[in-house]
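Novice: Chain order of the listed sequences is X and R.
Every position in the first sequence, counted from 1, becomes a number in the numbering used here once 21 is added.
Every position in the second sequence, counted from 1, becomes a number in the numbering used here once 21 is added.
There's no promise every hint is true.
Identical copies carry no separate label here, and so any pair may be met within one copy or between two of them.
Listed below are the simulated DSSO-like cross-link pairs for lysine-lysine, each with C-alpha atoms no more than 30 Å apart in a straight line [what the hints assert, rightly or not]: (1) K268 x K89; (2) K230 x K89; (3) K230 x K354; (4) K329 x K114; (5) K114 x K172; (6) K230 x K202; (7) K342 x K230.
Keep in mind that the hints were calculated from the coordinates and are not lab data.
For reference, the chains in residue letters:
Number of protein chains: 2
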Amino acid sequence: MNATANTPVNRQWILQRRPQGAVSREDFAFVEGRVPEIGDGDVLVRSLYFGYDASQRIWLTDDGGYMKPIMPGEPMRCMGIGQVTDSRNPDYKSGDLVEGFMSWQDYAVVRADGPMPLRHLPKADFPLSWNLGVFGVGGLTAYFGVTDGLKVKDGDTVVISAATGATGSLACQIARLHGAKTVIGIAGGADKCNWVVENTGCDACVDYKSADWTNRLAELAPNGVDAYFDNVGGDMLDEMFLLMAPKGRILICGAMSQGYTGVKVQGPTNYMRICTHQLTVQGILLFNYAQQIPQAAQQIGQWVMEGKLKVSENLQEGFEKAPDLLPTMFTGKDPGKLVLRIADPQ
Amino acid sequence: MNATANTPVNRQWILQRRPQGAVSREDFAFVEGRVPEIGDGDVLVRSLYFGYDASQRIWLTDDGGYMKPIMPGEPMRCMGIGQVTDSRNPDYKSGDLVEGFMSWQDYAVVRADGPMPLRHLPKADFPLSWNLGVFGVGGLTAYFGVTDGLKVKDGDTVVISAATGATGSLACQIARLHGAKTVIGIAGGADKCNWVVENTGCDACVDYKSADWTNRLAELAPNGVDAYFDNVGGDMLDEMFLLMAPKGRILICGAMSQGYTGVKVQGPTNYMRICTHQLTVQGILLFNYAQQIPQAAQQIGQWVMEGKLKVSENLQEGFEKAPDLLPTMFTGKDPGKLVLRIADPQ
């Protein structure tokens, strides 16, 4: 009994044209194909969950950012959770639950020599899908971003944008756990701001859709902002430069406001504050923390077990929804990590 | 015999209107006044040399950047060298040679509690004016920028813009002294590029006025740029983001291309490379290195004595030229530190 016999059809969402503006469902085509054959060293993985990350939009650009661009004709890449159904790689056996780079198809051949090899999922009391959120890219990015990138320390005033997001909502909590005195979220609209204060332990959350949000933030951080975790870019980043304390640190983690719309990205016109206030602006790329990931995951797990880190998930159902959900990453979605369930493990 | 009796007239160049675009001579008015009286704790300083720094243009903006803005009616602020002619401060006595914040006038009252107190000049075999250049803001900024900001280390490929400038020409040499394998200058025009290669030990200098300068730089740095010392901003900074190696470091030291022309500053549209390449972008503010300045000056002096650091000065003469020279900081000038000689010490 093998996977091919069980499921002769391999549903796929293929990139059919490179999006020039906002990504839309029409950029993808649904096709049904055969379950692929695997070669020496390969692993065949059945998809269980697809995760959504703003960086997927970067992978769709001409140059792909920090990864190979996704080419038309290829299934859309994502972070996912799957189950090994066939393996010609001694490190993986049928039945193993794994997390890593996958794609929008029921079955994918995954080579073990990719930029981040498939990670075996530990047996745990957590829902399997959390391996895409708090134990996945979002949680690890929040962890390394706060602890290493921003080096949040006792007494800091920390601001986090997209504070309802998978990364932002965890970064708020981790900043506090790492000693921040004041943690301020930024989100869009009163409902989201209320959610942030209730669910992430922020002292306050500023609504960037209100005209005077910068004044409000300046009141909340009268001595300036020591550390800013930027998931948004655009005008928000530009204004934040003016709100930083001397020697403040900014982490560039995303630019959801830009959405890679084909229009030239808006650069921060107030960047000279880097010079006049001796700011440090840094990026974060999870690849570079590969060695420290097990230790970070252990710390995160401990916080979750102790109830110090609250996990928020926006769980959706059904393979057919895969392309519809991607634009909602940029247009606003329910709080928490967006995950699409495809199938259950066997 | 005191200064007042000797020189009853105090020539001054006063800011008469805040420049909205490029700074021009017409922004200043020549007046003759009386030599000011000093109060308790004050020092009266006779001007000997005025230094020119791009940051003077920042001080002329509404918010002044990292210092109090210069207000219309006040003499233009500068870094200068002077001689104490009267003192009611126990730390200074008549005849002392000092360097620090001064202004475009023959005699200035200097308070010792400013952001950087007047520095006593050591007796040295160097020309007095070098205390504004290699031993002044430019030299110290180059030193701390290369060693601490960019943390240049063995094997690095380093790029420095405005490589004919007071800071840039020294940064090129200090990068090499600090172990850089490849040092590449950027300057405008073939003559300046030749000057850079001949005078700063750069392996090459790229002419940003040539259409293919980015291709040329990419050829010279096939593995990307590890450290970029930015004195220019604008398009040049934007393009440099695309030329950085993963984990590269950028130092924001100035934005001479912008000239604070009243038009909104051009932000770097390629700043998302900070994220996708995990770059670090930092500023440098000399105030924050006050404690380390003596040690740095000693190291710089040793390099100069040993012939390892070549000093370039563009020495001009005459108080009347003070405002004419300021715009040349942004429109191009002869290589080296621009200094205006006002008088000789007595």
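Novice: Compare the structure with each hint and give your call.
Specialist: Each hint, compared with the structure:
1. K268 x K89: Classified as between; 18 Å across copies, 35 Å inside a copy.
2. K230 x K89: So K230 and K89 fail the 30 Å test inside a copy (35 Å) and across (33 Å) alike.
3. K230 x K354: Within. Shortest intra-copy distance 16 Å satisfies the 30 Å Cα cut-off; inter-copy 47 Å does not.
4. K329 x K114: neither (35 Å within a copy, 63 Å between copies)
5. K114 x K172: neither (40 Å within a copy, 46 Å between copies)
6. K230 x K202: This pair counts as within: shortest intra-copy Cα distance 25 Å, inter-copy 49 Å.
7. K342 x K230: within (29 Å within a copy, 51 Å between copies)
In this structure, the hints that do not hold are numbers 2, 4, 5, in rising order.
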